[in-house]
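Protein chains in written order, with our numbering: chain A, 67 to 395; chain B, 67 to 395.
None of these hints come from the bench; they were simulated from the model.
Idealized CB from N, CA, C, for every residue including glycine.
Don't take each hint at face value.
[To be verified] Here are some of the chain A residues that sit facing chain B, going by a computed Cβ distance under 10 angstroms: (1) D186; (2) I193; (3) L215; (4) S238.
There are 2 protein chains.
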Amino acid sequence: MKSDVANVSLEEIQAPVRAELDEVFEELGRILLADVTLINDVSSHLLRIKGKMFRPTLLLLSAQAVGSVQAKERTLAAVVELIHLATLLHDDSIDHSALRRGQPTVNAEFSHEVAVIMGDYLYSRAIEQLVNLKSQDALEIMSRVTNELTVGEMREVLAYDGLEFSEEGYRSLILGKTASLIAGACELGALAGGPEWRDVMRSYGTDLGAAFQIADDLLDYTATEEATGKPVGQDLREHKVTLPLIAALPQMSADDRVVVESLMADPEPDDDHIAAVIRIVEARGGIEAARERASELANGAEKKLDRLPAGAARDALRSCITYCVERSK
Amino acid sequence: MKSDVANVSLEEIQAPVRAELDEVFEELGRILLADVTLINDVSSHLLRIKGKMFRPTLLLLSAQAVGSVQAKERTLAAVVELIHLATLLHDDSIDHSALRRGQPTVNAEFSHEVAVIMGDYLYSRAIEQLVNLKSQDALEIMSRVTNELTVGEMREVLAYDGLEFSEEGYRSLILGKTASLIAGACELGALAGGPEWRDVMRSYGTDLGAAFQIADDLLDYTATEEATGKPVGQDLREHKVTLPLIAALPQMSADDRVVVESLMADPEPDDDHIAAVIRIVEARGGIEAARERASELANGAEKKLDRLPAGAARDALRSCITYCVERSK
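If we strip away everything but chain A, and leave its shape as in the complex, we get:
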């Protein structure tokens, strides 16, 4: 992927909560332990891949920014990662994806069946942890979030094949599918500092999460495959309509539209066809418009942080914004 700005590294962002993050990872292992070998095998596979632990990072940084990280926050951080992993398992299982983060998915390594059940297992373990904490606030946040997540996933089903998919529909989709859990992580972290911080942190997380998803969707138009140098275009290949296309559509000529519509009608569009649509979307300002939207959201997130006590955690939360948004450049 080409990048024309300096990257903020994840290590840098995670530095203020490094020790706590390691404890969260240990806690994940404890939570996942079962007396069924198959479950432990899948858990080991998941923990080996590990991932960026971005949502636990946000939770811990939020807690540190407005209060402090205690045992409860570490458990909550493990819970948000479990919910995130559960959605990945079900996503991969639905998409029949073979790889995730360069590693075999659970559906590929074990089976489709195991991936669906393991997703349910992770989800149920997460809820158990929340119930054990006896925090009505945390339960309310996470039960709302998990419901919004599933509603967002259902909206995503509608984002395929439909050029009538609206900017409003897209907004609802990314708020549910992505921003909700990120906002929930920030809000759960804020519980450490008392209720006065909950709204600010949720609001920061909502803007951040929406910007994150727009940046991710932009990558499909702007990034190129390392091996081939061709644009990724995976969403277009799957007929998935995202913001760059939605924003470009009203500006398109009749000829442009024919190219786009024929791609949507083609079950297996070829690389040239995909590249042509990407060029149209770019020429009609779709990429620029999506970047602007991500940038507005990033500014919104920045503003919310101004209200927080100054410190390393707030600085890191600020870097999170850059980290999320610059992915699209």
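Given chain A, put chain B in place with the hints provided.
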């Protein structure tokens, strides 16, 4: 299906809580309502099929037997049905089943993707309702139950293709997959009458649920297809090892074992092969042994009811035992 005993009808069992059950059904509709048309379409499909509402029935009868049915119990009854429906959706989606209760499954009528997401949606809505009730007891029961459910489903994965699958493994499987939610429904109902009834009702539900599953597994050996008169044998066709086979295995001759092992090695065993294994299982006492086990469990469930206050609800709970067990005859 052939039957040599009088059936206890579901209508009879449900009579003491008929009005409340109708309210639970209404409540289900309210809980499922979303602002995404696709979700509402799937919900309508699910509500149209409706099903027996056996778990809500048990919850309401348990509540009535030891206390009374209030608004809270109606919500809890809706919650257990939602969890049950969620597991059915994921089961059907995993098995690629086309029909359930003679109606198209959600994966057949909509898509595999929609079935998985809708299962998650139902589950998340159920948890939201529980959280709104602010009952730590109910949350503890249901978070434990949903976790046991998923662990049971994972154990079921191991019940395929393995003649080394033990009676102990089978017991753990049915306790998790079936008995847990049924016991949870009874225990939730008992909350209406105070904590002194929780253990008795959970224990009744555990015995009942285990008997129910054994009876269900027996049906695969004893029932015949209406159209063909042939035994169902679907579990054997899918290489699923259940109690009749487990119980018969130690009594089998070397020749018997060859027939069974060759079925397990055949990806698509034919009807004659399945019928031969069923005959062996019957001749080696597997069906009798499974019936005895179901009968012991039924007696255990009966005994627990003796402690309850006499009344129409207790009588109906007693009929539930007959209803569950006689299915295998």
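Any of the earlier hints contradicted here, and which numbers? none
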